[in-house]
Amino acid sequence: MTILDDPGQGGSREPGAGGGAEPGDQPTEGLAFDPRHFGIAPDEPWPDDVPRGQDDSHWRFEHDPGRARIAELRIAACWIVSLLASIGIAVVYVTGAQNQASGILWALAFLGIGVGLILWARDLLPGHDVIASRGRHDASDEGNRWAVAESFARGLEPIARRPFLFKLLGAVGGVFGIAALFPLASLGPRPDRNLYHTKWGRGVRAVTEDGRPLRPSDLPVNGILTVFPEGGMEDALAPTLLINLGDAPFEIPPSRTNWNIGGIVAFSKICTHAGCPAGLYNVQTHQLVCPCHQSTFDVLEDCKPVFGPAPRSLPQLPITTDTEGYIVARSDYTQPVGPGFWNRG
Amino acid sequence: MSTTQERADTQKRFTLAKKGFDEADDRFASSRWFVSVLDKIFPDHWSFMVGEIALDSLILLILTGVYLTFFFIPNSRDVVYAPTAGHVYAPLVGQHMSEAYQSVLNISFNVRFGLLMRQAHHWAALVFLAAVVFHLCRIFFTGAFRKPRETNWIIGLTLWMIVMLEGFTGYSLPDDLLSGTGIRVIYSVLEGIPFVGTWITYDLWGGRYPGTTFITRLFIVHEFIFPALIVGLLSAHLMILWRQKHTDFPGPGKTETNIRGSRVWPQYAMKAGGLAMIVSGVIFALAGLVQINPVWIYGPYTPYTVSTGSTPDWYVAWLDGAVRLWPHWEFRSFGHEIANPFFPGLLIPGVVFTLMYLWPVVDRKIYNDHERHNLLDRPRDKPFRTGVGVAAIVFFADLTLATGDDILSNNLHIPFERILEVLQYGVVIGPVAGFLIAYKACKALQRTDAHPIRHPVGGMIVRAADGSYHTLGEAHAPHAGEDGYVEVEKAEEHAEEHAEGR
Amino acid sequence: MIAALLRRRRVLAGPLAVVAVAVVVGSVLFMAGGAAHGQTGQSLLVSTNSSDILAGQTLYDTHCESCHGYEGKGGVTSAPALVSVGAAAADFYLTTGRMPLNNPANQALRHHPYFDRTQIRQLDAYIAALPGITGDGPPGPAIPTVAPLCSSPSGSGGSGGSGNRSGSGSGCVTLSEGESGFALNCAECHQAAGSGGMLSKGNVIPTLRNANITQVAEAMRVGPKPMPVFGPKEISNKEMSAIAHYVEYLHQPASPGGLRISGFGPIAEGFVGIVFGFGILLFAVRMIGTRG
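Residue numbers (our numbering), protein chains in the order written: chain A, 2 to 346; chain B, 158 to 659; chain C, 824 to 1115.
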């Protein structure tokens, strides 16, 4: 199904042959319109400074009235489809706007009009193949180029003769431009030590999403749970993973020997790469994977990154138990949690 | 052939039209301008209509977007989902969520045609960006950016950048799990900017992530700042196009100084209107039949939840892919650091866009071509440029694939580690290979074109209407005339020397 | 006359084709959304009947002992000891067809069950009885009992504004509790729509589309490697039941808007948008415009 055949078919002319419909030519089938033929325009030459092109007044079915009629009916049928679909839209709206039905009807309403227009343009409109001069829109003549340069230079002269004022204006403008940025600084507070701290701290209990404190025995071997500092759910840097490694041999630096409770360790859930929760835990390899960019951390080796773009280990949270036996933090994280930032160092 | 009645009707219509335009002319002296508008000629090649697809989807985006703003509440205030009337989405009842997310649920479940409009808006964005990218490639490979059209190349690239950001801000607004994850990554990328990163993020978010103001601000960016920029730049883009007239492929009867096609009135207008309707129809068919971004399945965003397979929409996937492929490098010294996501998230796109902005200058140097061009190149006639374009496509495709690494991994049963490693090599080797293959292919196609059987030396023999035969010069040979073969060869040699020289 | 008829048919061909394509595509997509609903999970009490245990032992000796060893004490290969894995593990691995496994080094993935319902009951009974038979090791988790779904979406407690996270005390659970627990504990691996994904080292995260309520509950309690364990103190029985119901809900969610491709995320949506949106439009402009 071709909607448009080679437009040259209707009335291709030899390249560069010129000619074409002169103003005095006879109109074809009454379709080529020239008001002078109807005695309603002054019989004077058209302005020739506007490139108007040479008309190709032939149209697809001009010699086949039968097919032209069919084309007309076909277009009408398209628009009837659109009309019916439009009524359908009203009906569907009243009956609850079921999504698929609505979508089909909206699509039909649009497509009916669109296909009809395309068919009309293809089958019943002349003039698809017109040649005209591009005119002189991409370059002016030399006289105009001189004129603009002269106008500008004339105005520039008295300004350029005061270089001090000219340069001062530039400098003042620059400084004011920077001053004008200050309102933007009100958009937010100064970056503070906030980025270095979380709601964890000495003796803060680790609680579940629904606020329950946990005992070490609540976490089975190979169990993993996201915990929060009690009363600090809203802290986006605080979510922490409690993992029970059981008797799997894990290495942590000597300075952190009392940071775990038996096999239970706590690491930040916030990926050090781009801040997504790195929570895909593989108990066979004891690796944590971040679903955003596939950074992989080895829990047995201090959560150091073993694959992907993460540049640093997940920070470890020192934990112990309080007098009631619940898991608490020994302190806040000892390094900033999450992705790097300029002042981090 | 026309009857008296028809002539009378024609006369009446003409008189009416004349009267109307006279009224305008009395005020604006507008007749000559109207003539140039109505008689304006646009070439009809199909590939020139892809830009129109982009324009049509943009119009649809604006219309559906305006509709959605009537219902969307850009507020991150915490609410509990407890609808008292209308459809209730059971799995979220009683849950905490932002007001923004709740309003998107309301649009989806309780506004008649709301879900359809939301889905049409999202599908239109995906189609829009596809059309923009195709259009960009067409401009590049056919050399349509050459003098005098460099300005429109620059405006076009800027538009591409803004519409990508516009799309991403839209993806981020519903405050579901997916969009929140995207915002988190953007925050991390911005946070890593040297010197000003933390300031910028604290200003944009009004404090430490996630803050309470960001959705409101993002909304202003998405529905006012970016759209205003897009409409402004697009107007300039189209006005320049209008003034400079469209380029066209070389062909019989086409020269640098003429233009061949359909008039705006009525042929082109009717086709363009029809195409706009068809674009809308296809997008609404998708909106009705294929679900897109079911935010109720993803659930409300919290900083501690995430879904595997979280990716951005396809048109910014190359950026996310770059973030995945960039090695675990970052730089730390003097108490400061440049964080890892900054390099792939901002530096690489910065370099890529700078190269693209500069390409018209580079191209002019390579081909030592300072002429104005209205006729397009065939890609095969400029192997070096085509090679560079193919290399760029391979580069972007490799990064986009990297974003789909977990989906590929899942379906091909290959560990994602292997896929990412292959793509890391691919992002370096692929473009080089793409360049070489495209370059060779162009050369081979040129030789095919030059074959005497396809294009007889000395022109074509044509039979005229009166039965006589004559030879039509060499105007039909692709390498003859203004874009002469000899000149092309010279330019290519020049390009090779240039490449070797570096 | 015939020619005229033929012509008339041509008149209608264009618009009819538009309608026909829309109707066919539409109805296919409608049907795609209407598949059968999954069966509700029933609580399975493990038999303590000695004949069942004996039958289970026979099956065990034939099919399992070569890897898992005599009386589940562990074999020469890397297959784990089964003494205290409990009936939940046996039932999970057998009803999902993960066991028997040809090569213990491979990840156990879902297959059509090898044993029939009765055989699985017998094997469950045998595994559950193992701690008693061998006299060492604590009993493993029993097959969990899943609480029913509440009839009203806000739960019988009518907690309303207070959120869903605190238990309402009554026996039933809500989908909302399930969604919340799923989002926190499951979606990061199994994807928000339960379509699965990949772990490191090529370990597959299975889709949950075929998992029934009991299997989901069992998996949480058992932790079929590489999945972690979620014990009853981490995720209460109530929350476990809610999550299991939500996973079943995800098989056929009340999710309007057309063909569901949410399981594959925005990249798949982009593919559809480019191929079926932009691709069709490219085809259209090829027809509208000239070529040459």
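Incorrect hints may have been included.
[Said to hold, decoys possible] Simulated pairs of lysine-lysine, BS3-like, Cα-Cα distance not exceeding 25 Å:
{"id": "1", "chain 1": "A", "residue 1": "K305", "chain 2": "C", "residue 2": "K1056"}
{"id": "2", "chain 1": "C", "residue 1": "K1024", "chain 2": "A", "residue 2": "K305"}
{"id": "3", "chain 1": "A", "residue 1": "K305", "chain 2": "A", "residue 2": "K168"}
{"id": "4", "chain 1": "B", "residue 1": "K402", "chain 2": "B", "residue 2": "K304"}
{"id": "5", "chain 1": "C", "residue 1": "K1048", "chain 2": "C", "residue 2": "K896"}
{"id": "6", "chain 1": "B", "residue 1": "K304", "chain 2": "B", "residue 2": "K522"}
Everything labelled a hint here was simulated from the structure, so no lab data went into it.
Computed from a predicted structure; not experimentally measured.
Hints, one by one, checked against the model:
1. Restraint check: the Cα-Cα separation between A:K305 and C:K1056 comes to about 29 Å, which exceeds 25 Å; the hinted pair is violated.
2. Under the criterion of a C-alpha separation no larger than 25 Å, the hint pairing C:K1024 with A:K305 is consistent with the structure, at around 16 Å.
3. In summary, the hint linking A:K305 to A:K168 is not supported, as the alpha carbons are separated by about 56 Å, beyond the 25 Å threshold.
4. As the CA atoms of B:K402 and B:K304 are separated by approximately 13 Å, the hinted pair is consistent with the 25 Å bound.
5. Between the alpha carbons of C:K1048 and C:K896 the distance comes to roughly 19 Å, so the proposed pair stays at or under 25 Å and holds.
6. As the CA atoms of B:K304 and B:K522 are separated by approximately 12 Å, the hinted pair is consistent with the 25 Å bound.
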